[in-house]
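Residue numbers (numbering that gives the first Met the number 0), protein chains in the order written: chain A, 0 to 349; chain B, 0 to 349.
Note that these hints are calculated values from the structure, not bench results. Given the structure is predicted, the values throughout are model-derived calculations rather than measurements. Treat the hints with caution; some may be incorrect.
As the list claims (entries may be wrong) - 27 Å max Cα-Cα, derived DSS-like pairs, lysine-lysine:
| no. | chain 1 | residue 1 | chain 2 | residue 2 |
| --- | --- | --- | --- | --- |
| 1 | B | Lys36 | A | Lys324 |
| 2 | A | Lys293 | A | Lys165 |
| 3 | A | Lys174 | B | Lys304 |
| 4 | B | Lys256 | A | Lys324 |
| 5 | A | Lys165 | A | Lys306 |
| 6 | A | Lys36 | B | Lys324 |
| 7 | B | Lys171 | A | Lys36 |
| 8 | A | Lys171 | A | Lys324 |
| 9 | B | Lys114 | B | Lys178 |
| 10 | A | Lys131 | A | Lys165 |
| 11 | B | Lys131 | B | Lys324 |
| 12 | B | Lys165 | B | Lys304 |
| 13 | A | Lys43 | B | Lys217 |
| 14 | B | Lys36 | B | Lys46 |
| 15 | A | Lys217 | B | Lys61 |
| 16 | B | Lys256 | A | Lys46 |
| 17 | A | Lys61 | B | Lys217 |
Said to hold, decoys possible - Over the 12 Å line for every Cβ pair with chain B, so calculated as not near, a few chain A residues:
| no. | residue |
| --- | --- |
| 18 | Asn31 |
| 19 | Met95 |
| 20 | Ile159 |
| 21 | Ser240 |
| 22 | Pro261 |
Said to hold, decoys possible - What the simulated footprint calls covered on chain A by chain B, stretch by stretch (three residues with Cβ under 8 Å from a Cβ of chain B suffice, anywhere in the stretch; the number is not a length):
| no. | stretch |
| --- | --- |
| 23 | 103-117 |
| 24 | 130-140 |
| 25 | 147-158 |
| 26 | 182-188 |
| 27 | 196-210 |
| 28 | 263-274 |
| 29 | 300-314 |
Positions of the beta carbon are idealized from the N, C-alpha and C atoms, including for glycine.
Number of protein chains: 2
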Amino acid sequence: MTKIKMKLNCPMPKLDYDIITMGHGSGGLLTNRLLDKTIFDILKNDKLETRHDGAILPLSGKHAFSTDSFVISPIFFPGGDIGELAVNGTVNDIAMCGAIPQYISLGFIIEEGLKMEEFWDVLVGIKYACEKAGVQVVTGDTKVVERGSGDKIFVNTTGIGVMHEKANISAKNIKVGDKIIVSGNIATHGVAILSVRKGLEFETTIKSDTQNLNFLVKDLLDEFGDYIHLFRDPTRGGVASTLNEIARDINQGILLKQANLPIDSQVDAACEILGLDPLYVANEGLFITFVESKYANNILSALQKMKNGENAKIIGEVTHEHQGKVIIESAIGGKRVVNMQVGEQLPRIC
Amino acid sequence: MTKIKMKLNCPMPKLDYDIITMGHGSGGLLTNRLLDKTIFDILKNDKLETRHDGAILPLSGKHAFSTDSFVISPIFFPGGDIGELAVNGTVNDIAMCGAIPQYISLGFIIEEGLKMEEFWDVLVGIKYACEKAGVQVVTGDTKVVERGSGDKIFVNTTGIGVMHEKANISAKNIKVGDKIIVSGNIATHGVAILSVRKGLEFETTIKSDTQNLNFLVKDLLDEFGDYIHLFRDPTRGGVASTLNEIARDINQGILLKQANLPIDSQVDAACEILGLDPLYVANEGLFITFVESKYANNILSALQKMKNGENAKIIGEVTHEHQGKVIIESAIGGKRVVNMQVGEQLPRIC
């Protein structure tokens, strides 16, 4: 457990079992005892406490609703764990819609034999990420599968958030000339995970960029409203796949400047050694935004002044040419097409 | 595929692969192609089509929010499949809160090697159940794990529904004298699944009771409003575990009449042969409701006239005696305590 999380002061409760057993998924006594002593205790809030089949939420206006399942391996990695990742991932998906994340549901699929300590550490990760992002877990579900039918723990999070009143986020708003900004260094998460993958371990200080982006998004929308046309987080498939999806959807071209892609030098070196193109490597706490050209520099400056936005860069723009395609221009002016990822580069990266 | 589902007229599209591969979970080209040709095509609606990270929903008033992951084995069983079950399960959890289910999110965790045909059949089950329940899948996520790290397919559904204006559902409203009604035959789902479990197959015509309960709940609330104090669906852990949870929460006793428990004779016989107590066997399309004593007979009659409510019975009542416990009285007047399920009777039943 990291030092930061230790500060939450969440000592593991005394439990009757050292590992999760099939009985913990029975819906009976063991399930109840486990949930009481762990989930209900560590994540407590008034909505979770009703313990009904669902939470009752007062909602009004337009809301974003998003789901994500997390199957990352290993479940603990430099810079985070599957619990933190699961909260941040859904928080960010909600934020990418231009909304303020509020409520989260939590679905666990646990492999029999998971150490109770590991389960607890995942819960601590969830609590930590919820507190940082300002969201509440309000309902949940826990299933257990036999050894060999799962892999330690899978986590689904589904979130609800109220739309920011100034948000007008839609690929339809993107037009030729729009600038493309990335909020920070690319390829960090994927390389951090690879560094601890079985059979591939290498020494590095690279940490996953998993973090919540909702406050950055809110602050940008507060200030720039509908000059911001789209937010998207380039997770699986990396920046290349996300931009290809957008180019296809808007049926315009996207031109990137290789020299402007922000990347940590260690990550860049690791990609070179491993033969990976950083454009395809997964990110977690990173977004791409398409903005009105005229305000791009203002938006960039604002972002660079924000926490976790310091490395933001304008990486390209929307063009008439090359409709539906992503093109990258090298430092010396050569151009090549960047395709969507084919096949699987790094399985179970999120 | 069942005849009913065939009527949906959903021929499987031509796909490049016969099985799901790791690449289908990459977030890249294969993921996009698969989703386009399958999920986006078969489940299409205006909200799903925006293809953003989340759906934007206009919501107003109190809403119920509930999540459930489904890990049932086998994924196809007499009377249903994991897709149908996943939709019905969350639809019912929302209904149990006294709400009208509207929107569903869909999270797949697929084991590499799942036959495309099986994946398609699960999607057809989802479409079928959504149409029957009147809900829309508005957002989703698909992950793929390596062979041996999952088991065919796990499905998470998370739902949102608007509260019925007459609903006042809370364990706090339950009082001594309240009657307990069950909406139909118990133990059917669990026995249906057991009949096709590897190593245990036996011949029977018993089918899972998986079905949506939302219209029954709506009709009851329309007519009886807050004379209905609680709805709960006794899935995992069966009627015994659900009633024990409620007895504990309200700190009153629950007295059941053995003779009044509705059960299909084939299911009863199977339970006897297998040494199972039907009170602990999982149900899916069944609810228990706690109602104002004075209106219990009216509510029962109304329920018995509804489709899928024909076998409803008053099975017991809330008592001052035996606080926090569930007691059952046999046909000849003997009483015994019904404990919450300990350990696991039938793993992966939902």
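| task | Please write out, lowest number first, the hints stated earlier that are contradicted by the structure. | result | 3, 4, 9, 11, 13, 16, 18, 19, 20, 21, 26, 27, 28 and 29
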